[in-house]
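> Each chain is listed here by its residues.
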Amino acid sequence: ELKVEQNPLFLSMQEGKNYTIYCNYSTTSDRLYWYRQDPGKSLESLFVLLSNGAVKQEGRLMASLDTKARLSTLHITAAVHDLSATYFCAVDSLYSGGGADGLTFGKGTHLIIQP
Amino acid sequence: KAGVTQTPRYLIKTRGQQVTLSCSPISGHRSVSWYQQTPGQGLQFLFEYFSETQRNKGNFPGRFSGRQFSNSRSEMNVSTLELGDSALYLCASSRTPAEQYFGPGTRLTVT
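Line by line, the protein sequences give chains R and L.
Using the working numbering, you'd call the opening residue of the first sequence number 1 and step up by one each time.
Using the working numbering, you'd call the opening residue of the second sequence number 1001 and step up by one each time.
Because the hints were derived from the structure by calculation, they are not lab data.
Take the hints with a grain of salt, since some may be wrong.
[Claimed, not checked] Below, a list of computed lysine-lysine pairs in the DSSO-like style, where the Cα atoms sit at most 30 Å apart:
#1 R:Lys68 <-> R:Lys56
#2 R:Lys68 <-> L:Lys1057
#3 R:Lys41 <-> L:Lys1057
#4 R:Lys107 <-> L:Lys1057
#5 R:Lys107 <-> L:Lys1013
#6 R:Lys41 <-> L:Lys1013
[Stated by the list, open to error] Partial chain L-side listing against chain R, Cβ under 7 Å, derived:
#7 Ser1033
#8 Phe1045
#9 Pro1061
#10 Ala1098
#11 Gly1105
Ideal placement from N, C-alpha and C gives every residue a C-beta, glycine not left out.
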């Protein structure tokens, strides 16, 4: 069974600081997603990482994937209040060899950025 | 380009009733997936439909069912509602496996 673990689950940080959210998964997969969710809202796609060593950046967010370590990171640079949200990573089971069971999500990282 | 739409957005039902939720995918997207989000269990995959056929199913009881129509619109049905079915139900549409666009969700409250 594919398991996806995120840490930390809760993060409070100040504007201007850097931080990293970690996403570990239990079986091989070459497809990892990062989503953002604002309170009461749906999921907004941030990044899709499709291969080992993939790195994508958008504004103050940068995501990377290490398939050998089964680890993805979401790095926040010089955080601003508008980045406050819950961030989810998800792994596509179809590409983990475990059968086609849709996306398996981590529990999410609730990020609060204080002025 | 219109996004994924879900109706209704909010719903209140009582235990034992049944409910039908609707999802219209982005034009040209033939795959629709459904997810349940609860505070306790997080986001869990329900099922996926492609060209009117259920391709994958998550670990949910048979009370949860779905279907897809020829225009790719999808419905999910939950029968004999339980309190634990209260959740945000999200659908996602995709044209290729690498993309999943989520709709705004239907918030179901079971009393």
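> Evaluate each hint against the coordinates.
Status of each hint after checking the structure:
The suggested pairing of R:Lys68 with R:Lys56 holds, with an alpha-carbon distance near 18 Å, which does not exceed 30 Å. With a CA separation close to 28 Å, the supplied pair R:Lys68 and L:Lys1057 stays within the 30 Å bound. Of the supplied pair hints, the one linking R:Lys41 and L:Lys1057 holds, its CA atoms being roughly 25 Å apart against a limit of 30 Å. About 20 Å separates the Cα atoms of R:Lys107 and L:Lys1057, which keeps this hinted pair within 30 Å; it holds.
Using a Cα cut-off of 30 Å, the hinted pair R:Lys107 and L:Lys1013 holds, with the two alpha carbons roughly 27 Å apart. This hinted pair checks out: R:Lys41 and L:Lys1013 have alpha carbons roughly 21 Å apart, not beyond 30 Å. The interface hint given for L:Ser1033 is met, as the beta carbon of that residue sits about 6 Å from the closest beta carbon of chain R, less than 7 Å. Because the smallest distance between the Cβ of L:Phe1045 and any Cβ of chain R comes to about 3 Å, under 7 Å, the interface hint for this residue holds.
For L:Pro1061, the suggested interface contact is broken, since its CB lies about 16 Å from the closest CB of chain R, more than 7 Å. Using the Cβ-Cβ criterion of 7 Å, the hint placing L:Ala1098 at the interface with chain R is satisfied: the shortest such distance is roughly 5 Å. At a threshold of 7 Å, the smallest CB-CB gap from L:Gly1105 to chain R is about 5 Å, leaving the interface hint in force.
Violated hint: 9 only; the structure is consistent with all others.
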